[in-house]
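Colleague: Build the full structure now, drawing on both the sequences and the hints.
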Amino acid sequence: MEVKQVNTPEQEESVPKPHFALSYAPWPTRYSLFVVCLAATVLLLMRWGMGARADLEHRQKGAYDASSLGLAAAMSATQADGLLPPLDPAPGHLRPKPGVGHPAYLVDGRVKSLEAKPDAGLLLSYLDDGRAFTMKELFDSCDFFYLGYAVVNEEEGAALVKAYQAHVTRGLDFEDDLPAGTGTLGTGTLYRLRIDLVERLAEAGVRIDPVRPPRIPVFVERPGHYDTPGGWVIYLDRGVEWLPYPGPFPMTEAFIQALEAISPPPSS
Amino acid sequence: MSSEGIASQTHERYDWLDQSRGLVSLMFIFAIITYPVSGDPILGIDPLGPTFLNHGYKYFKGPVPLITIIDVGQQIFMFVMGFAAYLAFTSRWSKKGGRTAGLYAARRVGLLLLLSFAEACFEFPGRHEIRWNEVLWEGTLAKLAIGSFAAFSCIALIRDANRRFLFALGVTGLHAVLYASPWFDHYGYVNDSPWRPMFPFGAVNLAVVAVIATCFAQWVWTHPEGAAAAFRQRIAPTCFYALGAAYCLGWVQPAHHHDVTAALALFAVGISGLMLTMCFGFGQMGIRFPLLTPLGKNLLLTFVLGAIVVDLYIGLYDREFLAQRPFLTLLLVGILPAAILASVAVYFERKNIILRA
Chain A
1 MEVKQVNTPE QEESVPKPHF ALSYAPWPTR YSLFVVCLAA TVLLLMRWGM GARADLEHRQ
61 KGAYDASSLG LAAAMSATQA DGLLPPLDPA PGHLRPKPGV GHPAYLVDGR VKSLEAKPDA
121 GLLLSYLDDG RAFTMKELFD SCDFFYLGYA VVNEEEGAAL VKAYQAHVTR GLDFEDDLPA
181 GTGTLGTGTL YRLRIDLVER LAEAGVRIDP VRPPRIPVFV ERPGHYDTPG GWVIYLDRGV
241 EWLPYPGPFP MTEAFIQALE AISPPPSS
Chain B
269 MSSEGIASQT HERYDWLDQS RGLVSLMFIF AIITYPVSGD PILGIDPLGP TFLNHGYKYF
329 KGPVPLITII DVGQQIFMFV MGFAAYLAFT SRWSKKGGRT AGLYAARRVG LLLLLSFAEA
389 CFEFPGRHEI RWNEVLWEGT LAKLAIGSFA AFSCIALIRD ANRRFLFALG VTGLHAVLYA
449 SPWFDHYGYV NDSPWRPMFP FGAVNLAVVA VIATCFAQWV WTHPEGAAAA FRQRIAPTCF
509 YALGAAYCLG WVQPAHHHDV TAALALFAVG ISGLMLTMCF GFGQMGIRFP LLTPLGKNLL
569 LTFVLGAIVV DLYIGLYDRE FLAQRPFLTL LLVGILPAAI LASVAVYFER KNIILRA
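If you read the protein sequences in the order shown, they are chains A and B.
Residue 264 in the working numbering sits at position 264 of the first sequence, with consecutive numbering throughout.
Just remember that the working numbering sits 268 ahead of the position in the second sequence, which is counted from 1.
Simulated from the structure, these hints should not be mistaken for laboratory data.
Treat the hints with care, since some could be wrong.
Stated by the list, open to error - Under the rule of at most 20 Å between Cα atoms (straight-line distance), these lysine to any residue pairs were calculated in the SDA-like manner:
no.	chain 1	residue 1	chain 2	residue 2
1	A	LYS61	B	TRP451
2	B	LYS363	A	SER23
3	B	LYS329	A	SER23
4	A	LYS61	B	SER449
5	B	LYS619	B	ALA607
6	A	LYS61	B	LYS329
7	B	LYS364	A	SER23
8	A	LYS61	B	LYS364
9	A	LYS61	B	PRO465
Modeller: Next up, the structure:
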């Protein structure tokens, strides 16, 4: 049998007790100087950081607006058998035809008051968290070129520009597909943008890579809004991508210059 | 969790501290009551209840957030936890040794993380996934865990409260610079920069608030002339400096609830310190509000119970029904849940049960 030894009181006193001493210390003046220097340094560094971030946030806001624009166009298409709005037949404006589609499209039926205000702009609601916002003059934005027709490369883009100029000269509208030497995805026709265009072309026998289907630009941002050269491109799949300028299609120098020529920026 | 009676306490309870914790608990109760009835001004759904006792982002989401006192509530909660944790941690260390103190700290942090995980599991059926970012650093309970861990670690590693305070200020300064830089994504209004990595801004500055709270606590408990002198000579002036800095910073880098920008953190420090000063002063003058002490003693219980139950309870009522009957809504939504939570806290206090890690 094992006897456990227990310390006597005298033996307990000799065992070092746990010690954790925290004390009060007066505040040295040099600490105040340190705080002042720290504050100055932080403010200087923040000044630099905010300058660098300003363009980033400007671009981020542009992405936000661009994705809203793409979503609005897609929602308008749901009211038009999948067709996105036609191009404005008035010369000098690469934009959706004014008045097409419900200008106050309500995703969330709770907002009844805006139905009576057709010029209230578009109201969209993210149903997951109930956020909503209005967009003024969304379809009249001079910040974006609206292509109206499906083009995926430089040649097709050039064909679109040529067809546009010809149509405008003759005073025609853009309700139908356009015959062209170099049409959409190698066909002989420039097809109007519609939500299910790629699927319809595939069914019609046009060769489309199922793994990497073509990305068809819908809105192309006019370069020059940001310190970083480039702009946002909204695609038919409602994806939004930043492309540098000059860069890949549709942000090539030739195509943008051609678009600028037929739809010059508004005079300030 | 374990129950802890008076006999096993390693330090005495200070009623003024419990009163201040009760005040935080009351703020929290109001916040969770007003949250589900926030409405949506943009969609034309009017809020119910006092809007100044709800989060500002429920009414406006923009590049410069709308901030109310409730948006600072989480930080005040963390501050009070850090302030109280100093006493609990150091008393255990000095009386029972570092191992006991370390286990206590681990238990507190572990419990908070466990509650964070439990909350995620509770939401799992509806969301079909456990959001690990919320469990580990973005969720409220996760941030409280990180703040507690930071507080305990800094007490052990930086025993000079002045230096610990400088360290915390340095971290806040770094936070402000990183937040201003283009390197990291923000939680806020423009939250769509997939090419920028996320950074736990909220957790970092909440930890800073907790560390500063431990400095305040050390100044109070170790001042050679007593707590009153500490409040007069150190706490109150520091709070006013913090509020002044928060005001100035607010013009440059606005306060943000989720990312806890430096402006918000310093504002929280200032408000929390002045709240403690007020409660200490009330204690000196014999002013006390009986309901606050039981709420304060079981702060964590109130927090957990309120977070789970109140939302479910208010969800039982039809919104239109509530909106058309303001007096009934005051009783059913404004008062009843708060009264029930307070009653539970009083019951536990009368049974001398304090539930914490």
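Colleague: Please name the hints from earlier in the document that this structure breaks, with their numbers sorted from lowest to highest.
Modeller: 3 and 8
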